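Based on the hints, put chain B in the right spot on chain A.
Number of protein chains: 2
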Amino acid sequence: MADYFRLYPIGMIRQQESTATIEVFEEYKEGLRGLDQYSHLHIMAWFHENDTEERRKTLLVHPRGDQRNPLTGVFATRSPVRPNLIALYTSRIRSISGNIIHVDPIDAFDGTPVVDMKPYLSRKDSIPEARGPDWSKT
Amino acid sequence: MADYFRLYPIGMIRQQESTATIEVFEEYKEGLRGLDQYSHLHIMAWFHENDTEERRKTLLVHPRGDQRNPLTGVFATRSPVRPNLIALYTSRIRSISGNIIHVDPIDAFDGTPVVDMKPYLSRKDSIPEARGPDWSKT
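Heads up: the protein sequence lines correspond to chains A and B, in order. If you use our numbering, the first sequence corresponds to residues 1 to 138, in order. If you use our numbering, the second sequence corresponds to residues 1 to 138, in order.
I should point out that these hints are in silico values taken from the structure, not numbers from a laboratory. If you're wondering where the values come from, they're calculated on a predicted model, not measured in any experiment. One should not assume that every hint holds.
DMTMM-like cross-link-like pairs, simulated, lysine to aspartate or glutamate; straight-line CA separation at most 25 Å [claimed, not checked]:
#1 A/K57 <-> B/D3
#2 B/K124 <-> A/E54
#3 B/K57 <-> A/D104
#4 A/K124 <-> B/E49
#5 B/K124 <-> A/D104
Just chain A, same shape as in the assembly:
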């Protein structure tokens, strides 16, 4: 197996005046064809501000930085500190114009690099009965 895989930024999250947009780089724009037929989108981004050797070694966190939450493995949290800094956002598509996708608010910093996007498929992705611990429910 390869030592590591290369992930290239394909766009950027922009946060302006309480609206969130995904700005897809011109050379990847063709990859959006047909996305307007979907209502919702998975956005994979990169927590670039945590891209240090030290933070990527972190395997245990108090979820949400709250000491009252039990020390938990990063793969059992959505923590932005983890070995591979992949963020997963799921949002409603408001509109698409050219290489710009307007989406419902997402909790991401302006300038966050985007590495992939996928259409949300309710038959695969929607699991209303999924359960988790109490602290994860709010």
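Okay, now just chain B, sitting in the frame of chain A:
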């Protein structure tokens, strides 16, 4: 922005006798603490068999390789050919023992590298009303 980000394999998908497991490498095992409190899991893997410069340049595909489906941008499909070869699987956790997670069947090759895992949070991830084109519904 960095030219590229480095993604390190943290485990591997194993397919044996119709059961799927995620084998997490020993050095990342601690990151699983608390995952047993969740019923479902997002698994991010790497479509390593498509990791060639040529395939990563592909921006348009006929979904599912079926010419009857309209030529579609890769970001509007779950195609395994795309600029960054991130796979997103969502599955039910059957059991966890040590560094091995047994999950409901997923459509992945044996030996596929895993790069991240996240708990499924129904309040964020479950969107039963999400819509897509007809060919995506089956």
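Consistency of the hints with the structure:
For the hint linking A/K57 to B/D3, the alpha-carbon distance of about 22 Å falls within 25 Å, and the restraint holds. A C-alpha spacing of about 29 Å is found between B/K124 and A/E54, which places the hinted pair above 25 Å, so the restraint is violated. Taking the CA atoms of B/K57 and A/D104, the gap is about 29 Å. The hint is violated against a cut of 25 Å. A C-alpha spacing of about 23 Å is found between A/K124 and B/E49, which places the hinted pair at or below 25 Å, so the restraint holds.
Of the supplied pair hints, the one linking B/K124 and A/D104 holds, its CA atoms being roughly 13 Å apart against a limit of 25 Å.
In this structure, the hints that do not hold are numbers 2, 3, in rising order.
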